[in-house]
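Visitor: So you can see what is in the structure, the chains are spelled out below.
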Amino acid sequence: MQKINRNVVLALLSLTSLVFLLFQLCYYKFYLSQKNGAAFSKVRGSQSGQDSTRWHVVRKFLGLISSHNIPVYLIDPLILRLVDKDIEQIRSSPDGPSPECKYFCAPRDFTTFALLDKTLKHEVGLLRTAEKMGFQWLKIINKDPRLDGMADLSGMEIPLHYIFKLASHAIHLVVFYERSGNFLWHGPLRLKQHMDKKFVPFRKLHFGRYPGAYEKPELLLVSIDDLKVQIPKNPSSFLEEMSHSRFLECRYKEARAFFQLYPDDASLDAVEFRKKAKSLLHLAALTLNNLGVKFWLSSGTCLGWYRQCNVIPHSKDVDLGIFIRDYKADIIPAFQKAGLPLKHKFGKVEDSLELSFQGEDDVKLDIFFFYEEDDHVWNGGTQAKSGKKFKYLFPKFTLCWTEFVELKVHVPCETLQYVEANYGPEWKVPVKTWDWKSSPSNVQDNGVWPVDEWDNVIQIY
Amino acid sequence: MDEWKPNPAVKPHKKRSWYLAWKYKLMNQRALRKLCQTGAVLFLLVTVIVNIKLILDTRRAAYEEEEESAQDYDDEMLNVEVPRHPVNNKKVLDVEVYSSRSKVYVAVDGTTVLEDEAREQGRGIHVIVLNQATGHVMAKRVFDTYSPHEDEAMVLFLNMVARGRILIFTIKDEGSFHLKETAKNVLKSLGSQVAPFLSWRDMWTFVGKKGGEVYGEKHAKSPALSTWGDPVLLKTEVHLTSVEDAECHWPDTELNRRRKRFCSKVEGYGSVCSCKDPTPIEFNPDPLKDNKVFDVPVAVIAGNRPNYLYRMLRSLLSAQGVNPQMITVFIDGYYEEPMDVVELFGLSGIQHTPISIKNARVSQHYKASLTATFNLFPDAKFAVVLEEDLDISIDFFSFLSQSIHLLEEDESLYCISAWNDQGYEHTAEDPSLLYRVETMPGLGWVLRKSLYKDELEPKWPTPEKLWDWDMWMRMPEQRKGRECIIPDISRSYHFGIVGLNMNGYFHEAYFKKHKFNTVPNVQLKNVESLRKDNYETEIHRLLGEAEVLDHSKNPCEDSFVPDTEGRVYVMFIRMEQEADFTTWTQLAKCLHIWDLDVRGNHKGLWRLFRKKNHFLVVGVPASPYSSKKPSSVTPIYMEPPAKEEGAVALPAAAAAEQT
Chain A
0 MQKINRNVVL ALLSLTSLVF LLFQLCYYKF YLSQKNGAAF SKVRGSQSGQ
50 DSTRWHVVRK FLGLISSHNI PVYLIDPLIL RLVDKDIEQI RSSPDGPSPE
100 CKYFCAPRDF TTFALLDKTL KHEVGLLRTA EKMGFQWLKI INKDPRLDGM
150 ADLSGMEIPL HYIFKLASHA IHLVVFYERS GNFLWHGPLR LKQHMDKKFV
200 PFRKLHFGRY PGAYEKPELL LVSIDDLKVQ IPKNPSSFLE EMSHSRFLEC
250 RYKEARAFFQ LYPDDASLDA VEFRKKAKSL LHLAALTLNN LGVKFWLSSG
300 TCLGWYRQCN VIPHSKDVDL GIFIRDYKAD IIPAFQKAGL PLKHKFGKVE
350 DSLELSFQGE DDVKLDIFFF YEEDDHVWNG GTQAKSGKKF KYLFPKFTLC
400 WTEFVELKVH VPCETLQYVE ANYGPEWKVP VKTWDWKSSP SNVQDNGVWP
450 VDEWDNVIQI Y
Chain B
0 MDEWKPNPAV KPHKKRSWYL AWKYKLMNQR ALRKLCQTGA VLFLLVTVIV
50 NIKLILDTRR AAYEEEEESA QDYDDEMLNV EVPRHPVNNK KVLDVEVYSS
100 RSKVYVAVDG TTVLEDEARE QGRGIHVIVL NQATGHVMAK RVFDTYSPHE
150 DEAMVLFLNM VARGRILIFT IKDEGSFHLK ETAKNVLKSL GSQVAPFLSW
200 RDMWTFVGKK GGEVYGEKHA KSPALSTWGD PVLLKTEVHL TSVEDAECHW
250 PDTELNRRRK RFCSKVEGYG SVCSCKDPTP IEFNPDPLKD NKVFDVPVAV
300 IAGNRPNYLY RMLRSLLSAQ GVNPQMITVF IDGYYEEPMD VVELFGLSGI
350 QHTPISIKNA RVSQHYKASL TATFNLFPDA KFAVVLEEDL DISIDFFSFL
400 SQSIHLLEED ESLYCISAWN DQGYEHTAED PSLLYRVETM PGLGWVLRKS
450 LYKDELEPKW PTPEKLWDWD MWMRMPEQRK GRECIIPDIS RSYHFGIVGL
500 NMNGYFHEAY FKKHKFNTVP NVQLKNVESL RKDNYETEIH RLLGEAEVLD
550 HSKNPCEDSF VPDTEGRVYV MFIRMEQEAD FTTWTQLAKC LHIWDLDVRG
600 NHKGLWRLFR KKNHFLVVGV PASPYSSKKP SSVTPIYMEP PAKEEGAVAL
650 PAAAAAEQT
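Chain order of the listed sequences is A and B. Mapping of the first sequence onto numbering that gives the first Met the number 0: position 433 corresponds to residue 432, and the numbering continues sequentially without gaps. Mapping of the second sequence onto numbering that gives the first Met the number 0: position 305 corresponds to residue 304, and the numbering continues sequentially without gaps.
Okay, chain A solo, but in the shape it has when bound (with noise of 0.2 angstroms):
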């Protein structure tokens, strides 16, 4: 009887312990799923994951907002994506009840709103107001950036991010600036030392671990969850831009250091080419985003923009990449149809295509085709009378944002790596006479293209 008894002890601690280890596991992947923000509910208890809090943090938002006149509009990515699935039914009614609170209920920590600075009036009463209304707000300024280029300035701060926190819910208003170029800038959300770092919790921010570039949009006033917000008036690309809106500042300083060491040319031709090669740049830029081919700064002007933040005046011409994936037949056709016919055509779609187009006096354009390998890229060189093939290789790049004379345009992300394989090492120092055949430390041999295809990979009008 004993062993019995001491057989069925062990069974059912072996049991308990069974349904334990079970209920420890579903804790734990709670919590994962918690720390991922994914499925997690604020108001225990609260039926089908809802989150009333959350839609009345935001109700009263708005109406502070709107107390003071302030127009902002919904950039939160994960309510986007929602409201992106039902847009047509949400256009066509847009003030019909809606019977369930489908949007603003989702249990979240954060709900995401954009404001630009212009409309910002009154700043100090706004904040009063929150304050009067049980919010908690936190503001993040930094330096303007649109005084950074210049040395000597030293504007005001300028608010980046205010987040409004009241209960368990936060609002972050992120402020987006016009940047020359038109185009809408918002800045890092960096926090100073003696800021509270468990305000919220940062890391599950949208917006603000890198500055942002966007287009202006397009406003569309909706009402959903029974609560009217301005929202992007095509969501999902918004939501495609956000997905690529890194935007990297011009290295001011470093440009600044760089004219002490080599001061400026400031004669009449190099602002004479810098002013011909910033408008070919624009025209080009206008011709390219019309096919919506993606591009970026390339070889001497993408040094240029890192360097010096400003056209090379002795580089006597335009730069630009595009992967070969984006190329499209309409290229050659819209830029002689803006004024700029081709020049020369080297390689093909295949194999090393490389377009140069002939600007205003002497300037020209030169795009060059980048083909993506395993792990590296490259793009292709063709010298006109040997028929001989070079090959540039360059490191694997993504693409960011920037301004450079008053333009939004691409440069690659990982610039020190792109440039330093393209001029080596000694990149910092201007070189006057540069042989595309020799001068980069990235160049190769590719042989030579057959006599019989001349015709078609060597044309120079």
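EDC-like mimics (lysine to aspartate or glutamate), calculated; alpha carbons at most 20 angstroms apart, straight line:
#1 A:K227 / A:E217
#2 B:K259 / A:E122
#3 A:K117 / B:E342
#4 A:K274 / B:E456
Derived by calculation from the structure, the hints in this document are not laboratory data. All figures in this text were calculated on a predicted structure; none of them were measured in a lab.
Please arrange chain B on chain A, whose structure you already have, making use of the hints.
Guide: Same frame as chain A, but now just chain B:
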């Protein structure tokens, strides 16, 4: 699973037998049973370990999350200084004041707040105002009461200082020669016993509270006309009051908080800091209907003349149609007080590290300010450029709103300016009239962004070139034959007396009698006629209707123009070629208008008013309008006076100020 448990209370037969069979089997397989037992024990052990690990893990994760949550967002700048508040609980200030022929100094609690031992400078009475609660210096002035009228300025200043402030006086060199009775009485009312008897080359120091006690006074009489009094050093203690007592009790509004911050820092701005009924700092002028310049940025170029800036911003913010959000004040240098003024009005200000010297410094400041303006307002097609020593007319923005489309559409225009160089009290009459002129007047003007970005900015004079930016802009290489639009009656008024190229005499002679529009909402006349070709038609029409004056009379005499009103008259002067301004300069001199260089001309034609009649001057034969001259008329020639030494040099230098 309940059934599985052995339950002695309820024993369903079937299950019981199954259980017994199982038990029997186990009993028979001892080894297996043992194995099961060990397995169970092991299993329990594993559970315990897993449990412990889990607990540890979750705790660590939770801790890490807190730690990390902000890490990414930390500012890389680690040395953000937490502003230190000097906890100065001391209620007594030690004040030292020194007065002598060649040196003065004032030290408060061991810190020198004034020291002046420069030669040939700083003569007169130095005044320092301290905050009675904090001991901070709120104003520093020197009044050269050896010279006339400076005592009046001092009285004005002392009257503006709020009651309760601590005043410190000290004389350097000489301060009594033109110290009149009124000023002495004011000093006496402050508690000075010596002031009424101050005389030639006496040394004197005085510390007192306005409207209150005297903390000390020392005086050394000059023994003879040719010598100075002995240096005096006054050491005294000042008792600080509480901050509460030092501040006014205005209602707590956003505006008054700005006012409070301003008034606790600086002195000498009069009623803006008066406790009872302070002057407003928000003006809310009427908005303009259909305001075309509401979104045009306004750059105010400033130096370290905070009192000027204060006056200027008041008039700017009172102008109808002003948009304070578009205003940026650019301060040349890291001066605190101008910034305080900017903040008082709730505007944004930007400080600029001075580059280079003199005119080149101003020129670099202009460049930085203009570039920054177009960076801050990338959408703007224009910028309004103002300076800190201008009064702005109430209809300034209305004037611009009505004319700005011309600058956008007419390529032959260089700027729109609010200033008419020749618009004096006796030569300007019609607020609704506009001119086209070949000179760039500045002093409140509109700049086109494309002109700046494409032409001016890339070749702006570099710091080592000591050029005036405005003179440079007037050069033919930049202007390229383009013209500016100006009003007959100026929409700005240049009140600055102290400045780089400025002094009292110069101001009196050339700026004081300038006409300034005070009428709101003036409807401009026939704006379209200002376009390039229309303007020629308009001039020909005017010349066609103009009566030719009697050229035998002296044009300087009043009787040259008949005693009529509202007529159009024309006179012809000799002008051999385009750059021959000999007669014009003499005429300008005797008419008491701007004669330091040539301003306000359009193809050899000047337009002004005399005795309320429109008065046209045509240079013959250089002007294309010479054909309008009747053949019987001989153009008037006026000879320049014999050149005196220096008489030529002055205008050249002085002309620079006209900016």
